[in-house]
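Okay, here's what each chain looks like letter by letter:
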Amino acid sequence: MNVSIFRFTDILCKLTKTHFYIARQQLLDKAINIYIWAFCSLFVMGYVMQSFGLATDYGCFQLATVIGTIGLFEVYGNCFRCIADIEGDQHINYLLTVPASPAVVWWSMICSYTLIGLILSALMLPLGKLLMWNSFSLTAISWVKFSIILILANIFYGVFTIAVTAHVGAMSKMENVWSRFIFPLWFMGGYLFSWESIYSLSRPLAYTLLCNPILFVMEGMRESLLGHQDCLPWGICCAVLCGFIVACWVYGKYKMQRLLDFV
Amino acid sequence: MHEGAPMNHSILLKIKNIKKRYGAKEALKGVSLDIYKGEILGLLGVNGAGKTTLSSIIATLHPPTEGDVEFNGASIYKDVADYRYQIGYCPQRPNLNPELTLEQNLRLSGSYYGMADEHINNRLTHLVTQFGLRQYLHQKANVLSGGYKQRFMIARALMHNPQLVILDEPTVGLDPHIRRQLWQQIRELKQLGVTVILTTHYLDEAEQLSDRVCVLDDGLIKLIDTPDKLKADFKMKNLEDVFIALMSENTSATE
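If you read the sequences in order, they're chains U and B. If you use our numbering, the first sequence corresponds to residues 1 to 263, in order. If you use our numbering, the second sequence corresponds to residues 1001 to 1255, in order.
Think of the hints as simulated: they come from the structure by calculation, not from any bench. Each hint should be verified, as a subset may be incorrect.
[Unchecked claim] Here are the simulated DSS-like pairs of lysine-lysine, each with C-alpha atoms no more than 25 Å apart in a straight line:
1) B/K1019 - U/K253
2) U/K129 - U/K30
3) U/K14 - B/K1149
4) U/K17 - U/K253
5) U/K255 - B/K1140
6) B/K1190 - B/K1037
7) U/K255 - B/K1037
8) B/K1140 - U/K14
9) B/K1019 - B/K1037
Could you put together the complete structure from these sequences and hints?
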């Protein structure tokens, strides 16, 4: 048993390194894309929209949500590459015959997605500081809480990628990924509003939104990054995210088994 | 002992009543077969006979719906990872990582099997020389022709010195001279004591290389024996004629 764990950990590290090595080749492009998106978003929300009556600190509010959703926007591309491989090169079939459990293969992909998500999210901090300058204080950040919620969020996005890939299963259904998963989760996940503002508007809607894992990423991110007190408690956000990670993993593994029929 | 079993050879792999269903379709309907240490077993059959399904089950890519496979007397499903250290699988369709160079593909393969760097270097040098691949080492898989991809696939399957190699139609679409070179390399594996399961459509290939051939038809073993014995029994000059006679029997029976 111990020998197996040692071997599996070794293979997990090697597979993760390989996936990361491949993903790293596109890191610069990804960083440029995210900087463009974040710059536009923060500039409009932080400066332009104030002319239409938006609160002066809305730019910072957006910064926290942008950092929280970078990993979510990686889901589509990662899902696309997975399905392209399943339907094309089928390298995954080779990986599923290496001397390890299939879970090792899936977790190596999840670890690689998490690492890329973390790097891209971390790159947002300097841009956020440059754009928001005085309204964004680095001293208000609770670094431990921020690191934990960021890691959990990106693990969730990694596991979510596997679950969505397995659920969609075919290139012909790829457009569903954006319209049925990413967009509604993102837009209804507190990207533009806090849970408390929805709670004061409509309690049933607020409780329904608690089914959305992204909401917990946003709320936890705001508390740790901006020190907001009117967010859902950070500890609850982390615990619920852990629950969503487990649920997505169980579902993703089950659907992958059905899709690829591996041992 | 099965028909045509090599004398004094012990059983390496025992396939016990393997069935495989894909929805309503039954691809394998109860295949039982012993494979002996050091032999080359040719798996023959028409399209859809179940050859690739059987080899993918032996390679642990897919699980059987029913039945068991024993390796050296123990079920492979008790410790799949341990069994995988002993086998090398070359599927019909090349599945090298297109994002990596061929050298990286081979090195990583060795590392997944726990080989030390020095061992990987030695093995890489040996296989690259054996298969004439040196000039392509630093290229990515998608620039290679089918023949070279196939050689890399076989080299990858052999990286960790497996006891059992499963080659699923390794010469499909290759030029005749490259096919002959691959035949020689498969013979060399046998000389090294490696057991080979060779799935093929080419009956000349099966006749040239196999110690025994197993003909699958509609998910069942139609017959299994040495090529010479089959030719003698059917009073035919070559395996192709035997195969055609067998398939004609089938057609007549159906009619």
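Results of checking the hints against the structure:
1. B/K1019 - U/K253: Holds. B/K1019 to U/K253 sits at ~24 Å (cutoff 25 Å).
2. U/K129 - U/K30: Judged against 25 Å, a Cα distance of about 20 Å means the pair holds.
3. U/K14 - B/K1149: holds, 23 Å
4. U/K17 - U/K253: holds, 22 Å
5. U/K255 - B/K1140: Measuring from Cα to Cα gives roughly 32 Å; hence the hint is violated.
6. B/K1190 - B/K1037: holds, 10 Å
7. U/K255 - B/K1037: violated, 38 Å
8. B/K1140 - U/K14: holds, 20 Å
9. B/K1019 - B/K1037: holds, 24 Å
Of the hints listed earlier, those the structure fails to meet are numbers 5, 7, in rising order.
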